[in-house]
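Q: Protein chains in written order, with our numbering: chain F, 1 to 327; chain E, 328 to 654; chain G, 655 to 937; chain U, 938 to 1220.
Think of the hints as simulated: they come from the structure by calculation, not from any bench.
Cβ coordinates follow ideal geometry from the N, Cα and C atoms, glycine included.
Don't take each hint at face value.
Stated by the list, open to error - Simulated restraints, written as ranges between beta carbons of each label pair:
(1) F:GLY253 / E:GLU412: 48 to 58 Å
(2) G:ASN696 / F:GLU81: 23 to 33 Å
(3) E:ARG453 / U:VAL1207: 28 to 38 Å
(4) G:ALA746 / F:GLU81: 48 to 58 Å
(5) U:LYS1089 / E:ALA645: 46 to 56 Å
(6) F:ALA25 / G:VAL924: 41 to 51 Å
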Amino acid sequence: MSGNLIVERERGLLELERRISELRAANATQPVDMSSEIAALEAKYQQILHEVFGTLSPWEKVHMARHPGRPTSLDYISALERFDELHGDRQFRDDPAIVGGFALMSGRAIVTIGQQRGRDTKENLRRNFGMPAPEGYRKVRRLAHVASRLNLPIVTFVDTKGADPGISSEEHAQSEAIAMCLHEFSTARVPIVATVIGEGGSGGALALAIADSVLMLEHSTYSVASPEGCAAILWSDASKAEEAASRLKLTAGDLHDFGIVDEIVPEPLGGAHRDVAAVVGRTLSAIEMSVTRLSALSPEELLEERYRKYRRLGTWHAERMEPIGGR
Amino acid sequence: MSGNLIVERERGLLELERRISELRAANATQPVDMSSEIAALEAKYQQILHEVFGTLSPWEKVHMARHPGRPTSLDYISALERFDELHGDRQFRDDPAIVGGFALMSGRAIVTIGQQRGRDTKENLRRNFGMPAPEGYRKVRRLAHVASRLNLPIVTFVDTKGADPGISSEEHAQSEAIAMCLHEFSTARVPIVATVIGEGGSGGALALAIADSVLMLEHSTYSVASPEGCAAILWSDASKAEEAASRLKLTAGDLHDFGIVDEIVPEPLGGAHRDVAAVVGRTLSAIEMSVTRLSALSPEELLEERYRKYRRLGTWHAERMEPIGGR
Amino acid sequence: MMQMPDWLRARRGKDAEGRDAALWTKCPKCGEVLYRRDLAANAFVCPRCAHHFRMSAFDRISSIVDGDFAEIGADIAPGDPLGWSDKKSYPAKLRGDREKSGLSEAVVCGFGQIGGFDVALAVMDFHFRGGTMGTVVGERIALLLEEARKRKVPCIVFTASGGARMEEGMLALMQMAKTTAAVTRFTEDGNFFMTVLTDPTTGGVSASFAFQADVIVAESRAMIGFAGRRVIEQTIRQKLPDQFQTAEFLLEKGAIDMVVDRHALKDTLVRLLEYARGGVLRA
Amino acid sequence: MMQMPDWLRARRGKDAEGRDAALWTKCPKCGEVLYRRDLAANAFVCPRCAHHFRMSAFDRISSIVDGDFAEIGADIAPGDPLGWSDKKSYPAKLRGDREKSGLSEAVVCGFGQIGGFDVALAVMDFHFRGGTMGTVVGERIALLLEEARKRKVPCIVFTASGGARMEEGMLALMQMAKTTAAVTRFTEDGNFFMTVLTDPTTGGVSASFAFQADVIVAESRAMIGFAGRRVIEQTIRQKLPDQFQTAEFLLEKGAIDMVVDRHALKDTLVRLLEYARGGVLRA
Ligand SMILES: [Zn+2]
Ligand SMILES: [Zn+2]
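Isolated chain F, as found in the complex (with noise of 0.2 Å):
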């Protein structure tokens, strides 16, 4: 996680922070007041952050999406009322990169699935950086199948940079797994609201992701392909991902203005990480509208409007083709 653009910029105003910090600690115990100083470079350091964090680039955003301290799906869910866990395909594996389980909002029983990356170097090994295997995402086909059995709302945290890309996973068949939450997620009669809260990582991230309402946090990305994939496959350079991130119009405002994104959750200047309590908090209620909103349709307008939904997106124009003319 050395390399993120967010991190190093943060560096500086750490310095900042440290320095009103001492200086705080030093006017509650010494004589002289430097309350004005501290007012001072307090202006200051809101200045910087404003400046640094206050427009921020597709290539900053994702960055800000990576952030190692950006709260996880694990953030979100423990915030719930109650959860409890449910593990495994009931095949082969449980995978961690997923979680998943019954929860409670504001009484309500709902299941929530989140792809789970970890929060150090050691669980991120774990969680094989939130990149789930086949495995991982029959456990998404699973859950969703017992939501859909029991009657409750499907409440997903979108957080990977895509499907495991390793040996085993292309063994154990990784297209047939998305394809069949994809199934799973179009046939279920039970609302579903995704959110996005870290990265969005092309069929990976959408596994989780076909909703009746897709949320998406203010610095979050979701995109075809990440930059360096869609870079290396475009122009067989990696180094031009900030190019491909600029073009690929991967941030929560793009993707509102496609209408693939219903509702954007604003975080604070400078990112979710920076008040996880408060983007958590919102970001539940938002979800807990949106569930309480849909929990009103029958399974049948739930299925029709979601399948409108998806089967409008795209952009495209009716033309005449020459050849076939020419009888």
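Chains E, G and U with the ligands: place on chain F using the hints.
A: Just chains E, G and U with the ligands now, kept in the frame of chain F:
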């Protein structure tokens, strides 16, 4: 396969067969007429055949069911009008201990599935002696599901010592795999005809044998556990297998009496392997008659009758519990 | 419906006294010698090493059910379809186990409440023929599911079984088909089905209703598998590692939803029933 | 409905001549230099090593469909939602591929007969933007499935795709959701869905409709996978074995139903359609 009682007995007969055919060959080229000697030998042959195979004990039937020359699932399947094999569980592996796919039976499309043991050592190793792994049972379930979707009858062939009891089978949830087969066959809205063609061992056999019509070859066996397993479980002594075989009521006749088997397909004297074509033809005819009869029923009727049939099986009696009357 | 203490006294009969005679029990895992009353007070969990002793169906029911329990299927009694006899006749074996365990068969089924939720409950008991499934087990469980389906209440089955019962031959195996079909009808109507796998759960029971549940809970350290340990060791000709086929092993292998310590079990079941109901009903 | 030769001539336009100019082709597998007309006569299979060359949608359709083919969705043309431009603008790339391939987009959809069976057919073509799925591919396939659902005819999709199309960004990814939903509606009505995976089938196409079929057929030696070979090699930092992600590899791993040589493909499809119809209708 050495140590097979039936194979050993056949050795004696083979000697006689050889002498008869030598005499026949000689008779054709030499001027001396040996017809009467040949006829005498043939009569003796028939007599021995009757003595040796006229009545088989349960233990002898166990060996007959395991006879290396006994027709296997593929002998029946390849005698169908046409067969296109379908592979795999879509997740992990194609298990060669299960064969299955689409087939035509007198013009009618069916899905056929069978346990397949090897016809020689090499094939036996590849097919794990016909003991399916969880992947095999997941293939069974998938094919049964395809049949259900396409409204095609399911025709199964049961021939296994049991489900594979290895480490990786336990790791891949053999129990779940079999349980989900039972689930699929319980809910399939199409006619199901199962035929026990060799050894039907335990839950691993039942996974292919929940059916509207269960056929069984005369000298096949079908039991709650292999005689060796039963002896090991009850008496910690696998050598008492013969005793177990006689107690377990595992012959076609016994199971017909219990209402578990609907129809017994006769075998030639000495066993199915002595006239494979005739046995296969007779079996397929019997299966086809069942399929035709069952195809006249609606899915609801099929499911209801199937439920009632298994609901009935067992022996119990009503008894007033003494202690509970105490109040 | 009887009050639990009455029901327990009634069903256990003289057995309860007989068993209480054994005042001391040695923990098979850590060797600690335990006063039986202390062990019972600790839900039959060794206070030293947390080993979960196998529980009788009676103890299990009284530890899980709120108050009353209405048994069903108690009058379904085993036959002897094979006329089985080895060292003893099958009926003699049944009589022996009945006297020893106070049970009429290897499962007790009925209706009661857990944390205020109406449930259909089946509890298998390893002390009766090793918890094996014969006709009566299949019949009682099918009956319970059919009745639960009518009443539209969730069903929980506690499994503890060495598999199918040899002495009833193929009719025992057919109970896999019977229970599976009953589970299928029950769940297809949208009812919630849960199993709690306790030590040991193997063979025909694990390969039928045990693994067909919406949620599969296992007790800590329970042995769960299809094939028995001995069979596998004979097949592969080597010793298996200790943790093989334990609940914890299965959790890692993705086969079960959760492993629960017995002390937390009732609370867990109540929470799961709450989810299945749709959440907490608030005024 | 147009007769096949007319339809082919009409849709291919001037391209057909252009491509015929390249008289000789070298087999990428065995190096054999092949006369292009001979190769075409052999269904684009190398007569020496049986290497299956990638086929154009036109050649595929004329090799599979009995006679007539009624294209649908041909008037659905790509937009430029991201205003994409790198070395070239996206519209310029599209124009280039259109001229080179004679295709209006990476898939051709329509209705025809195969062995006398009415089918809905979609054929992807790797020669147009690497068979990538953008809006038009998703839209045409969804339209085909909706129309096939109305007509209650089986649907066969030939896949050949490098995945989602970068230049349409997230709208390309959303076509996975769109096609999946359309497949789901189609199959839930009891219709038969079949895919034929040809070289290569990866990414967003493999992880959506390609693996949702009742029967999945793959052409011999086709490369099929989720992640691209290069991505995996970079991840694991070593070379992958040659057969990794081939159709034969997937068959062994249980992911697909059958691997078929191109020469046997049409007959196989007809047999499969026959099964799905319920068998052979006899007088
Ligand atoms: Zn202990
Ligand atoms: Zn070649």
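Q: Are any of the numbered hints broken by this structure? If so, which, sorted upward?
A: none
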